[in-house]
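Asker: Relying on the hints, combine the two individually framed chains into one complex.
Chains as they are written, first to last, in the numbering used here: chain P, 4 to 277; chain X, -6 to 406.
Do not rely on the hints blindly, as some may be mistaken.
Beyond 12 Å from chain X on every Cβ pair, some chain P residues (computed) [what the hints assert, rightly or not]:
no., residue
1, G49
2, G66
3, R122
4, T221
Across the chosen pairs, the derived CB separations fall in these ranges [unchecked claim]:
no., chain 1, residue 1, chain 2, residue 2, range
5, P, S186, X, F16, 34 to 40 Å
6, X, M305, P, D159, 31 to 37 Å
7, X, V384, P, M110, 35 to 41 Å
8, P, K225, X, V384, 48 to 54 Å
9, P, K126, X, F16, 37 to 43 Å
10, P, N183, X, A380, 33 to 39 Å
11, P, G155, X, P362, 56 to 62 Å
12, X, P362, P, N183, 54 to 60 Å
Looking from chain P toward chain X, a few residues come up when the C-beta cut is under 7 Å (computed) [unchecked claim]:
no., residue
13, N92
14, L97
15, S116
16, R124
17, F130
18, Q133
19, L138
20, L149
21, V152
22, Y153
23, D258
24, A262
Because the hints were derived from the structure by calculation, they are not lab data.
Just so you know, even glycine gets a beta-carbon here, dropped at the ideal spot from N, CA and C.
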Amino acid sequence: MSEILGVGSDLTTTGEHPMSTTAERKAVVQEPGATPGKEWVIVTRGLKREYDMGGEVVRALRGVDLAIRRNEYVAIMGPSGSGKSTLMNLIGCLDTPNGGEYWLNGMLVSTMSDDALARVRNKEIGFVFQTFNLLPRATALHNVELPLVYAGISSDERKRRAKAALASVQLDNRMHHRPNELSGGQRQRVAIARALVNEPSILLADEPTGNLDSATSTEIMKVFEQLASGGQTVIMVTHEPDIAAHARRVVVLRDGLVATDDRRAAFKAQMGLA
Amino acid sequence: MSFADVLVTAFGQIAANKLRSFFTLLGIIVSVTFLVAVLAIIEGMNAYVQESVADAMIGSNTFQVRRSPINVARFADSDMDRMARRPIISRDDAAAVQAAIPDAEAVSMQSGWPTPMADIIWRDRTIGDAQIFGVTASYQVVQDYRIGQGRGLSELDVEQRRSVVVLGSELADKLFEGADPIDKVVRILGEQFTVIGVNASKGKVLGQSFDGFVLMPITRFELVYGKRSTTTVSIKMARAEDVAPGMARVEEALRVARHLRPSEENNFSLETSDALVDFWRTLTRVLFAIVPAIVSIGIVVGGIVIMNIMLMAVTERTHEIGIRKAMGATARDIERQFLVESIALACCGGVIGAFTGWLMAAGVATASPLPARVTTWSVVLALALGAGVGVIFGVYPARRAARLDPITAMRAE
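This is chain X alone, in the form it adopts within the complex (with noise of 0.2 Å):
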């Protein structure tokens, strides 16, 4: 018996018991839709990050000057003590990074993780919970930002530490509700701080809004919320080939002014955006890790079932293979067909599974700001898992079937 021949019949079977067949293939399709589209969110998410969170968090062509790395999940709890000692990051390093890399198109410092939250009040109006930025006037820059109305902060305004704001647009729009923001006096923390202007909108990432910001000068921060350990030097390149370069003599250059001997490690850590969309990596790893193995559970049970009414299937059609035998239907014969059978049943469910999982996660994305990328893998996997349980619990069924006695099984009926 030729495949072709064995694939005919195993289809035609199939398409013979429509209802049966989709009944019987539910556990797999709901475990491979769920694979298929869980896999595309996280997927999809990761993408997102590399693309607009990272870049929008740290800035495009940008590496950083840190205390520590943004990656800590790879660190040992000795590295993390050996961190921990670890000078902060000051003006005098800002300016010894500046000195090192003068083509930069700007170097910033900026407040780090955790950004604080205060309340903003204006009049008898509060909002709560704007994130509190304190920054140099060339943070602007790296982060792209563009004023909306009045100016951004100046060199000047962080040498006298005075008390000035930058807003994000939604909060300015919360807030003044239309009226003229700019000369309005705000208090945050009891004290009083002059709007001087109003960023233009960033838009979204992930449906969290990047305009509730409240930038004031870094001089001034330090004053409120004291000196950090987390404080940050940005440093923006003016093309992505430049960043790597510019490490290299800013990682120099700091050695220099802490006056790191060549068998000491550095006490600081360069990064780019890289290092963050590495850090989302190290979480959702663990994720790719469990849904496969959740997904596992459903398809065993899956396979069962298939397993089920494949015997049945053996058993109601046994006549017909008695009739197969004495027609010259060698064992072998029989068992591939009945093989064949549960296998491109099992495929099937991989493939409706894999649609429905792509078209979940593309419901998803439309419907909520979490993004989804369906993935060549995550459907070669579905659909190897799918004949990959055909196989397993399409065997035993078969033997059955072949094992058959011609005489007894023509006499059933």
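Isolated chain P (complex conformation) (with noise of 0.2 Å):
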């Protein structure tokens, strides 16, 4: 699973990966209607939604502006009610938005039907969340097989296949274990390998280490750390300033609207981290 991890490729490289400028993201955003170069993975202009919650009409996104180069490693922070939850779901094809466009891979999603999500979902994203989701009453390796069950791949292929991303989160000796086997960091290992056995295109992580004490968040983001020098794209929700700071990149939401979208020096600089 060299391929997956980077191992192999050079991890001293850290930060060297090209990150977007501001110039080049104002300018790709700014064309309604034009399909965004093959460098950009992922790319909205004046993302959308709102929720009817019993005729009061929530405005969670009023017109995101984002765009996201190929092997970014890019953190989308900011305090409950901003709409990063809602963001994220639009980003991971599990939402429409109202208005605005979403451009995947170069592929206008957000008008696709429910069915081609989940196409879509299944091979272009690989999602690590809070709660690790796994299926409770499967084992590690049945997990980490999952999407491949729907990508309709055969049984052996699979099971090489997950064995490998297993092994590459060195969980190689915890194959058989059912969830409530594992402790909680091995769990979201198991999530991390399950979201990447299909090479996506991108690894959305939803507060991962949410549920994790601090040093096992420490082994989780060093896992993210390496993905992301190995030239994995990874985007990350998180509230928590000093989780997002392990990101090349920093987008901060406020009120349903991008507020600042800056490296990360200058994100720690605003935050006052060290």
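Answerer: Written out as structure tokens, the structure reads:
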């Protein structure tokens, strides 16, 4: 699974991956209807999402412009109610917007049907959730196999790839354990293996350390760091500034709009982090 | 998602909730058990009637000349009226039959249905309700009777209207309790008869003894009971393949003897044991129709239980459905998973029911004189019912599962 974790590529080149500049992002976001270039994995233009809460319209996203290039490691931050969960659901193709465009890997997904979205989720997105979301009755191996099951891959090939993915997160000795026989950190690593097994375009993590103690959190963040260094596009949604500070670029949402979108150094300075 | 994966998942779920699955299926199991068992018993009795009873009552390789057919169930009232005007089968008819087929093994005449019952008395002992048959001597050949003690009825006994009887073995045992029955004088309806012979046992059919009868010369019988309209002529042929040509010749001979014109229909009936089997089938056909109807009520109730449990399973596994959808399961994948699960569940009920039904039929066959025969078609019907119930009652829960929104589903715990 070296191709996933980037083991073998030079891990010391941390931070050397190309990050999009503010000008480039502005340019791609301001061309409504145009298919973004191949280097852009995610482009949203004026993305809107409203909920009808018993007659009252809640505007969770009020026009989000966001562009993420391949290989970027981006954190989406914001206080609760800022719309980051809504944005993460839209980016993850679990939900469809009320307005605006969402381009994923050159495909306009904002107008896709539910079945098409399911296929996009299966191929393009690897999810890592705060609560792990593993199937409780299935073994680690079977959990990792799950995306491949829906991709229609044969049983033997599935086993081979799932084992490799588990090995890449150092869980090859826990393959036949069920989630309740694993520690929190191990569970999250199973989830990461599951997210990576389909070799998705983006790894989408929602508060990946929210249910973990600080030592385990550090361990998980290291895994993300390695993946990002290996060239995996990582998008992490969190409300914790020090977790967000692991990413190379931090997008801060406030009241359903992008408040700031800058490199890590600027974010740290702003937050007063070391 | 391949079908094999769907099946593995479905059976995994059923196996994970064994007790619940069992109780869910109880309705289906009981219904299918009942269906398979009852059909097996009816089918077994049909076969038994065909193989044993018909031959025992009419005789093998034998056909009868009767005034009216055995299977009267298929005739309209107008036909019945016409049959009521037919002449009674007489000794002349028997003679005509005898002349028409000299190669017959035996031609006999006997009193027909209903067989009169009478008390038979010896000294201070009375045996109630013995069946009294009036027969010619050759009847004993037609029915393959074997004489155990003494002698059988002879032509002379019939001709001279002798007051003699041959008893069935069971009747003789009960009446004389070990004493030698030969030449004892018994009383039937106030008249005295000398016992000349005792028949060897014929065994039991459906638990009913065939050895509780009294045979007397038909001439003597008619002095007691009068000429009866159901008197029958039986013709025993040497081989089964002789029966059909024999019947043709008898039909021809009787039409001539009775002076029927070509335009007139027969005023007698020719029957083989098939007719008796036929008559029996007419009776059981009603059961064949009623049993599945009753069972289908049970199956519908069982199906509703399955639907409930599947709805519960959808609620219970909402979180799992959310995860699967996030991992790329389409609505169709989820729908198929739940549908296959309910079909697999219902089919399990069908299989278990078919098996217990078979056990029950086997149990009934061992513990009672009723025979049982499990037929392939009843098992196929059981499985088809199971699968059908699974589909019909699985669709709604499966649709509900498929329509769940992945975000809300994943939030459920």
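Asker: Look at each hint and say if it fits the structure.
Answerer: Hints and how they fare:
1. With a least CB separation of 22 Å from chain X, G49 (chain P) remains clear of the 12 Å interface cut-off, as annotated.
2. For G66 (chain P), the non-interface assignment is confirmed: its Cβ lies about 21 Å from the closest Cβ of chain X, beyond the 12 Å cut-off.
3. Remark: the non-interface label on R122 (chain P) conflicts with the geometry, its nearest Cβ contact in chain X lying 7 Å away (cut-off 12 Å).
4. Distance check for T221 (chain P) against chain X: the nearest CB is about 26 Å away, which clears 12 Å, and the non-interface claim stands.
5. Checked against the hint of 34 to 40 Å, the C-beta distance between S186 (chain P) and F16 (chain X) comes to roughly 37 Å, which is consistent with it.
6. Checked against the hint of 31 to 37 Å, the pair M305 (chain X) and D159 (chain P) passes, with Cβ atoms roughly 35 Å apart.
7. As the Cβ distance of V384 (chain X) to M110 (chain P) is approximately 37 Å, the hint placing it in 35 to 41 Å holds.
8. As the Cβ distance of K225 (chain P) to V384 (chain X) is approximately 51 Å, the hint placing it in 48 to 54 Å holds.
9. The hinted window of 37 to 43 Å between K126 (chain P) and F16 (chain X) holds, with their beta carbons roughly 42 Å apart.
10. Distance hint for N183 (chain P) and A380 (chain X): a CB-CB separation of about 36 Å, consistent with the stated range 33 to 39 Å.
11. A beta carbon spacing of about 59 Å between G155 (chain P) and P362 (chain X) agrees with the range 56 to 62 Å that was offered as a hint.
12. In this structure the hint that P362 (chain X) and N183 (chain P) lie 54 to 60 Å apart at CB holds, the actual value being about 58 Å.
13. Annotation: interface hint on N92 (chain P) holds; nearest CB of chain X at approximately 6 Å, less than 7 Å.
14. Interface hint at L97 (chain P): satisfied, since its Cβ lies 5 Å from the closest Cβ of chain X, which is below the 7 Å cut-off.
15. Taking 7 Å as the C-beta contact cut-off toward chain X, the hint placing S116 (chain P) at the interface is violated, the least distance being around 10 Å.
16. Below 7 Å, beta-carbon pairs count as interface contacts, and R124 (chain P) has one with chain X at about 5 Å; its hint therefore holds.
17. For F130 (chain P), the interface hint holds, the least distance from its beta-carbon to any beta-carbon of chain X being 6 Å, beneath 7 Å.
18. Hint status for Q133 (chain P) relative to chain X: violated, with the closest Cβ pair at about 11 Å, above 7 Å.
19. Contact between L138 (chain P) and chain X, as hinted, is supported at the beta carbon level, the nearest pair being about 6 Å apart and thus within 7 Å.
20. The beta carbon of L149 (chain P) comes within 5 Å of a beta carbon in chain X, closer than 7 Å, and the hint placing it at the interface holds.
21. Hint status for V152 (chain P): holds, given a least beta-carbon distance of 6 Å to chain X, under 7 Å.
22. Satisfaction of the interface hint for Y153 (chain P) is found here, the shortest Cβ-Cβ separation to chain X being roughly 4 Å, below the 7 Å cut-off.
23. Because the beta carbon of D258 (chain P) sits about 21 Å from the nearest beta carbon in chain X, more than 7 Å, this interface hint is broken.
24. Because the beta carbon of A262 (chain P) sits about 24 Å from the nearest beta carbon in chain X, more than 7 Å, this interface hint is broken.
Consistency note: the structure conflicts with the earlier hints numbered 3, 15, 18, 23, 24.
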